[in-house]
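Engineer: Residue numbers (our numbering), protein chains in the order written: chain B, 1 to 500; chain R, 501 to 1000.
Heads up, a few of these hints could be off.
As the list claims (entries may be wrong) - Restricting the straight-line Cα-Cα distance to at most 25 Å, the calculated cross-link-like pairs of lysine to aspartate or glutamate (DMTMM-like) are:
id	chain 1	residue 1	chain 2	residue 2
1	R	K592	B	E118
2	B	K26	R	E639
3	R	K843	B	E184
4	B	K60	R	D841
5	B	K372	B	D315
6	R	K506	R	D734
7	R	K560	B	D345
8	B	K101	R	E717
9	R	K825	R	E898
10	B	K378	B	E393
11	R	K883	R	D790
12	B	K202	B	D223
13	B	K104	R	E615
These are calculated hints, taken from the structure and not from any lab test.
Protein chains: 2
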Amino acid sequence: MGKTQKVAISPTREEDYAEWYQQVIKASDLAEHSPVRGCMVIKPWGYRLWEKIKESLDKKFKETGHENAYFPLFIPLSYLQKEAEHVEGFAKECAVVTHHKLEKSSSGELVPSGELEEPLVVRPTSEMIIGESFSRWIESYRDLPLKLNQWANIVRWEMRTRLFLRTAEILWQEGHTAHATKEEAVEETNQMLDIYVEISEKLLAIPVIKGQKSEREKFPGADTTLCFEAMMQDGKALQMGTSHFLGQNFSKAADITFTDQEGKLQHAWTTSWGVTTRLIGAIIMTHSDDNGLILPPRVASAHVVIIPFIPKNGDKESICEYCEKLKQQISSVNYHGSTLDVKVDDRDLRSGEKAWQWIKKGVPLRIEVGPKEMEANKVSLFKRTEDPKQRHELSEKEVTSKLSDILDDIQKELFARAKGRLNSQTKEINSKEEFYEYFKQKNPGFALVHYNPDHSFEEKIQQDLGVTVRCIPLEKKKEKGICPFSNQESSQRVIYAKSY
Amino acid sequence: MGKTQKVAISPTREEDYAEWYQQVIKASDLAEHSPVRGCMVIKPWGYRLWEKIKESLDKKFKETGHENAYFPLFIPLSYLQKEAEHVEGFAKECAVVTHHKLEKSSSGELVPSGELEEPLVVRPTSEMIIGESFSRWIESYRDLPLKLNQWANIVRWEMRTRLFLRTAEILWQEGHTAHATKEEAVEETNQMLDIYVEISEKLLAIPVIKGQKSEREKFPGADTTLCFEAMMQDGKALQMGTSHFLGQNFSKAADITFTDQEGKLQHAWTTSWGVTTRLIGAIIMTHSDDNGLILPPRVASAHVVIIPFIPKNGDKESICEYCEKLKQQISSVNYHGSTLDVKVDDRDLRSGEKAWQWIKKGVPLRIEVGPKEMEANKVSLFKRTEDPKQRHELSEKEVTSKLSDILDDIQKELFARAKGRLNSQTKEINSKEEFYEYFKQKNPGFALVHYNPDHSFEEKIQQDLGVTVRCIPLEKKKEKGICPFSNQESSQRVIYAKSY
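Pulled out of the complex, with its shape left as it was, chain B reads as follows (with noise of 0.2 Å):
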């Protein structure tokens, strides 16, 4: 910023929202595309987070009794088959291994060599790998509920591909579990839609609707689908993940079947659900600013960052000395059941020029400590929600006591903003020409209208206007109406948005 009142990232939000976020991107050194199509390279900064993340999900994972397992990368072309819909909706972006050695041409080239009597697909989700393995664990009801999750990456060929938020490699987790009746699967597919909700929201700072997808936006193979989806600074919506209530399609397509207590053959209820990388997406878009990556305490890479200021011909082995003191004293400051991430930067580089990076970088608090604050034993604070300028005395015992407490404020205030974006930028709709105004405008946030499933007009509203059904929330109340489209009646108000 400095004396100019410039910005730290080019363009700001408001002059191109696309490009903010990848020079966001750039500029924190979270990820960067690498020179194989549609793959991205996950930095240090990047992986920290996804870390954080991965943590807290499989702790709740763990905690609703769900344990780990690892199936095979490749899927037999066979099995993918088995499920009609299922390879229908994955077969247009499937990497596929053919051969198994390479070998020299005639001309002295390494070529493909070793055909397959089989192709092998790189899963691009496991329902019908890890069916297989189903099929053959369980027997009785004593065997189920079977509930596992895997961490795990899939490969989805994406012809345009975004950072975090649409890549052909993607890092996720898959959950899969077999249930005994149909109520125990809805109820799985229900609670882990609310764990994750619970991550978004405690943890990301991320309020989200939850939500039940159409008909045309399901999971393909799943009896229901259900979502949460989240509104970025554009106004545009991003489903952050789904949860799906598979019915008894992957257990018929697989054979999944149990002996149940009255010694009568079934097929099981399955569920499968998942998040990937894209949350790191969700982080990015809904709380960065001109000035770069703003990164939720709860899942920051790390909290604070240490900086000494030294003047020229200044002290800095004593300036470093009582940096490093201050690091240890910050490091053992309990926070949520955690300690805190410190960083030092003594770098050689000038010391407002480190601050920027800090600030581009999305740490939540930057301390900086220069002779005067080392004398009278105080430092100076900075907020990354606030002006970079806008500075805080706290005496060193302070920096200890007040530190976890700052950060819920922080954490705290992040989700506030995006609540009041997500409910300011949200309006109900009830007329075709209100709606074809109102996503007509600039960055136009979420509309709330009348829906009557029996219809096939959001093809037209999607190539109109790139606008789709995004979900149908679960927790709006009931209220008749009239879909605007169809003018058919409505038992409920559904999202509707242009999405990513």
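Chain R: place on chain B using the hints.
Structural biologist: Relative to chain B, chain R alone:
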């Protein structure tokens, strides 16, 4: 075992070691072969073990200044080819992606479609794809050292697979670092070997020999490969992991250069190092007995199982309540900075059957509680390393105060047993005749033999006996002698053995 003194695993180690290994895995429910050629399914009990090993390694990596990141699964063929030895080493076992979708053929069958312009190899290791990033990220000596690690899956198409020891898809970690000087890179290579050895000996309770690979056995493209080798119960060597000093070979192939302090352009010095789920194979083959798996307490999937013994017409509810209370108490016991993992097995099965299942699964401690124990506020404790019937009586108080020490004793005992075996089955051999005799007996062990690297008889020894140079030990004293095969001078004995 029961009355007939039969053991739980058939065949025994003595009868058929290779088949015993498979049966231990099956009986302990660690993993299984999947229908996908060469790929395994890691079941929850096995994956939990991997998670514990991962946590320990990851902590050490971070403590020594490494950060995690994630690089693409696919390597364009042109990248892999940049290092000639390297690509030659892996060409015969590469899974190759050649298409990016599936389409219905004229006969209605789904077939690969959308051929890629350049085939993609599923990473067998990531030197070349990470090298591409390093070449862009590293500009100045200020950017060095760069020390990254990645937890990932790799694929090496093996024709003969064995659970955990040799599979087509492998879970592993791969560290990749770049340094300004040769000395630093060599130091890094040694440091990571030392970390592996520490984890192996302290946590997995597996004594190992630190060594260097012979020219014939080193990593394709490396200057030197360090390794650590353990002896399995059948006397064969298992290579547990490797740490490579890559010299400037890969930095030249991938063009990783930096400007040094004098402004001169230099090639960086790089290293790479990795361990895989093979460590689980090592645990199984080092510690298990004819009753199944024995898990070293420091990484055990669970430390204690509590089994309620309910007599006919007994008060099931109050015994199970007592067991749950006990579980809460034991779960809070501090064990090396963490808490104990405790399971209560209250399934509707005969108690004896349950006990045997947990013996086969290798849980270090089994606690049985019946009406007698409950009345007296006592428990019956059984150690997995002792005879299954060897009972210890502990008061409720002693359970919480003593379990941590008891587990440490088991950990020590397992290491001591393995160390004793390694020592007693390692023999110094000085003549060719003695060597051939030694390796023609059943389960021979290791031979310490003088060695001159300048010879070609290694291939003949491998053909005759299936024996190779496992490593040139780093910590054996230098000693002059004569290589019995070439009659050339030797400065050190090396380890010859059969191996996995």
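Engineer: Okay, which hints does this one fail, numbers in order?
Structural biologist: 12
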